[in-house]
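2 protein chains.
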Amino acid sequence: MRSLVLIGHGSHLNGESAGAVYRYAELLRGRGLFDEVIEGYWKEEPSLRQVLKTTASTDITVIPMFISEGYFTETVIPREMGLGHQGPVPEGGVARVIGGRTVRYTLPYGVHPAMTDVILARAHEALPDASPQDTALIVLGHGTTRNENSSRVIYQNADRLRDSGHFAEVHALFLDEDPKVGTWPEVVKAPRVVVVPFFASEGWHTLETIPEDMGLTGTVTAFPDHPHGPQQVFYAKPVGTHAAVADVVLHLAEEARGAGGQGDPERGHEAAWQTFLERARAGLRVGEVLLTPELGVFELRHMLDEGLPGGELVTLVTPEGVRDRTRVTDGGDHRPVHTLRTLPRGWRAVLNEADLRRAVHYLYPAVVEETYAHSCHALRHTPWATTARRQTGIYAKVQKATPAQVEHVAQEVCSGCLRTRLWAGERLTFTFLDRVPGGLPCAEACTFLVAEVREEVSGKRGAGHGHSH
Amino acid sequence: MRSLVLIGHGSHLNGESAGAVYRYAELLRGRGLFDEVIEGYWKEEPSLRQVLKTTASTDITVIPMFISEGYFTETVIPREMGLGHQGPVPEGGVARVIGGRTVRYTLPYGVHPAMTDVILARAHEALPDASPQDTALIVLGHGTTRNENSSRVIYQNADRLRDSGHFAEVHALFLDEDPKVGTWPEVVKAPRVVVVPFFASEGWHTLETIPEDMGLTGTVTAFPDHPHGPQQVFYAKPVGTHAAVADVVLHLAEEARGAGGQGDPERGHEAAWQTFLERARAGLRVGEVLLTPELGVFELRHMLDEGLPGGELVTLVTPEGVRDRTRVTDGGDHRPVHTLRTLPRGWRAVLNEADLRRAVHYLYPAVVEETYAHSCHALRHTPWATTARRQTGIYAKVQKATPAQVEHVAQEVCSGCLRTRLWAGERLTFTFLDRVPGGLPCAEACTFLVAEVREEVSGKRGAGHGHSH
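Heads up: the sequence lines are chains A and B, in that order. Each number in the working numbering corresponds to the 1-based position in the first sequence with 430 added. Each number in the working numbering corresponds to the 1-based position in the second sequence with 430 added.
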């Protein structure tokens with residue numbers, strides 16, 4: 431049995447951020463090469479701290495879904511996941527045994543040589559009849575002073591594509607370092623030019639800065655009076671959103687696996703879910719969710735919608751449907767923390783037992799595993815001081831927060847959360863497994879609270895107390 | 431059967447505001463002269479728009495718990511309660527028949543002649559052996575240019591107290607108009623001086639401005655070198671918080687009643703509560719509350735606390751206990767709107783049937799009456815335009831809000847509320863009386879939403895979107 435874990439950045443504010451990771455997870459589930467594909471995030475749930483607990487097997491491959499190496503892939507992800515590794519990840523990844531699970535952590539997908547194929551695929555989408563006679567290719571990177579690997583990967587891809595002979599010329603150009611993208615009319619000679627942005631997703635750079643720097647007006651732009659004669663530019667979509675990235679992920683996973691054996695079901699995880707299912711078969715309330723067994727399937731809905739005829743509610747039939755419906759509040763706000771008491775109403779889900787597990791995983795990520803562990807006295811609490819000490823970068827300053835500041839922010843942020851703050855000394859004797867719906871443990875401060883404490887320390891947390899990230 | 435309704439201002443931000451009205455309601459309940467004593471507020475619940483619906487009888491006396499006449503007593507309260515009256519209220523009050531109820535609306539307690547006794551009581555508290563030989567009394571008013579009655583009442587009280595012969599001298603002095611309080615060393619000759627602030631409650635004026643203007647350092651201050659010789663000042667508490675105000679309220683109520691007859695139980699109200707109790711006897715969920723019948727009594731608790739042993743919860747045994755426990759969120763924030771999904775956890779209430787009614791009235795004011803009316807197709811909806819048109823003073827500007835602005839604010843404010851916005855065209859087919867816990871009607875925009883729309887129109891509603899009143 432094998433688990434694949436895809437790691438994204440996520441966002442406390444914006445629901446779009448996790449979308450790309452969702453799509454790859456679904457593509458990879460479709461391939462059927464892993465028994466499960468789980469998503470984890472820095473700023474959403476399951477968090478980097480929780481995601482390993484939510485995997486069902488003892489053989490885990492973790493892929494950072496980032497376009498380049500850097501602070502997240504080398505510092506944040508390994509640290510938060512407890513991989514006992516910091517700094518550049520070697521080719522083939524690193525492997526650790528953590529709590530009985532073999533965890534392999536790979537390079538980000540963007541540095542894998544197979545990305546050359548993705549660039550080529552994007553180029554052919556933009557200009558299907560690109561030819562070595564008259565077509566130039568620009569591989570366009572961000573470029574940065576913070577990580578030299580970032581531009582090296584662009585050059586390597588350009589080299590491979592030049593060697594492939596598919597194009598008359600291949601250039602590596604950058605937004606933020608030389609050779610700059612604005613120089614293209616001087617360096618590119620071919621009459622047809624395909625531009626492939628080596629970016630993770632559509633965004634400000636692909637939609638604004640690149641078109642502006644290059645003078646593009648759409649997917650195809652004509653330049654009649656250029657130094658090397660008339661030119662036509664075909665602007666491709668960013669590589670990071672191409673379906674072929676799923677193949678790159680599989681390459682990475684296979685290379686990381688090496689001669690590794692087959693994993694087994696992880697016993698604690700299985701025990702947690704069997705306990706949950708046993709309760710569920712008799713009907714159960716978990717947080718704000720009412721779970722009712724019905725002739726071999728299960729119905730989930732908001733507790734406040736109990737008793738409503740099914741026809742009054744939107745009926746969902748997949749775990750992904752539940753995930754998407756409950757990612758926003760009834761007011762349309764993003765829900766980075768799923769245990770906040772803001773579960774939307776107006777829906778029901780009808781699911782079989784396997785889908786129920788996945789739906790509950792999406793509804794309340796890591797809650798079944800953590801609650802079961804708590805009931806077995808096996809949930810480790812991380813006090814605030816330890817959480818704070820671990821922080822780096824812009825979050826390092828939370829180490830300056832006084833206990834009173836932390837408690838003040840927690841009073842506001844956590845009072846709307848179902849979880850009981852064990853890490854702050856709160857006591858939880860009965861959980862939803864004991865049929866107390868609101869009994870959910872909180873083992874450590876989440877990144878949302880950490881971010882709010884940072885705002886407090888920075889003096890930016892006014893009456894409105896929203897943080898901006 | 432007779433109902434007494436006490437009207438306070440209330441606050442969207444501050445839980446203290448309603449406290450004084452609560453205390454008088456409890457004192458007056460203790461007197462037993464009315465079958466019920468109900469509190470209503472402009473900025474809390476039950477609101478001025480709802481409070482009449484929550485009264486059980488057809489004979490209602492409404493007392494504005496204000497120290498002086500003015501905008502609230504003459505404009506806001508009569509308008510919001512639908513009394514068909516605007517402007518100064520005659521002595522003896524006004525009476526109207528509204529929806530089968532006889533409603534008498536009186537002057538505010540502060541203008542009643544019996545306040546003279548309250549001033550005297552406060553004076554004797556501050557200086558029990560005050561004597562006509564050596565003691566002067568200062569009746570201290572705010573004074574204002576907006577309502578001349580305000581100072582007239584102070585003069586009338588001073589005149590009556592002068593005539594009573596209890597003091598060597600009696601002076602009427604003011605904070606904001608002549609004769610100013612700062613002139614007291616010139617005008618007051620007696621060696622002992624009692625100062626009684628004619629204010630509704632302790633606050634900035636009684637705690638800061640008056641002591642500063644008079645040079646007071648505590649409840650007793652000595653002035654050895656004054657124009658008329660050494661003087662000692664005894665500073666009394668404000669009149670508005672004296673228990674004897676309850677007697678003033680009863681005087682007002684009796685005078686308003688005149689030759690009025692005895693009221694009857696209001697049938698719609700009684701039907702609503704009988705329907706509710708019938709459901710409750712079989713166990714019921716109302717909003718976030720779980721209601722369980724237990725051997726002749728009822729247990730109430732937060733739904734999320736279902737299944738917790740009683741010993742894990744704070745046990746409440748009075749409706750007032752429930753009221754006070756649920757007036758703030760788990761984060762300690764004031765809850766001006768009771769149907770927001772922020773009901774605190776951690777408590778249970780054990781109550782008999784009569785107390786259950788009052789506790790549910792406090793938990794979800796007007797919800798039983800409005801939901802029952804809705805289920806009988808008798809709940810009138812007030813569209814936004816009508817609500818906006820009614821607004822005056824600083825809220826008149828909500829009339830400028832576009833439908834999109836109103837909807838934008840409502841999306842944010844109302845999405846956390848249990849109620850379904852019938853006034854905005856939302857549909858509610860099943861209510862908690864049909865055993866759908868979250869099914870609660872909203873007949874019109876509440877003052878909280880009106881205030882938020884005002885902030886939006888004023889451009890003051892940022893990401894933090896808290897209004898400041």
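Calculated from the structure, these hints are not laboratory results. This structure is a prediction, so every number in the text was calculated from the model and none was measured. There's no promise every hint is true.
[Stated by the list, open to error] Partial list, derived from the structure: chain A residues whose beta carbon lies under 8 Å from chain B: (1) Asp735; (2) Ser845; (3) Gly846.
[Claimed, not checked] A short list of chain A residues far from chain B (calculated; beta carbon distances all over 10 Å): (4) Arg461; (5) Tyr585; (6) Phe604; (7) Leu605; (8) Gly762; (9) Leu809; (10) Gln841; (11) Arg865; (12) Pro867; (13) Ala873.
All C-beta atoms in this analysis are idealised placements derived from N, C-alpha and C, irrespective of residue type, glycine included.
Do the hints match the structure? See the list:
1. A distance limit of 8 Å between C-beta atoms decides the matter here; for Asp735/A the minimum to chain B is near 6 Å, and the interface restraint holds.
2. Evaluation of the Ser845/A hint against chain B yields a held restraint, the C-beta minimum of about 3 Å falling below 8 Å.
3. Interface restraint check for Gly846/A: the shortest CB-CB distance to chain B comes to about 7 Å, inside 8 Å, so the restraint holds.
4. Every CB of chain B lies more than 10 Å from the CB of Arg461/A, the least distance being 39 Å, so the non-interface label holds.
5. Taking the minimum C-beta to C-beta distance to chain B, about 42 Å, the non-interface status of Tyr585/A holds against the 10 Å cut.
6. For Phe604/A, the non-interface assignment is confirmed: its Cβ lies about 35 Å from the closest Cβ of chain B, beyond the 10 Å cut-off.
7. Every beta carbon of chain B lies more than 10 Å from that of Leu605/A, the smallest distance being close to 30 Å; the non-interface claim holds.
8. In this structure Gly762/A is not separated from chain B by more than 10 Å, as the shortest Cβ-Cβ distance comes to only about 6 Å.
9. For Leu809/A, the requirement that its beta carbon stay farther than 10 Å from each beta carbon of chain B is met, with the minimum near 19 Å.
10. With a cut of 10 Å on Cβ distances, Gln841/A falls inside the contact zone with chain B, its closest approach being about 5 Å.
11. The Cβ of Arg865/A sits about 4 Å from the closest Cβ of chain B, inside the 10 Å cut-off, so the non-interface label is violated.
12. Distance check for Pro867/A against chain B: the nearest CB is about 5 Å away, which does not clear 10 Å, and the non-interface claim fails.
13. No Cβ of chain B approaches the Cβ of Ala873/A within 10 Å, the least distance being about 19 Å, so the stated non-interface status holds.
Checked against the numbered hints above, the structure breaks hints 8, 10, 11, 12 and satisfies the rest.
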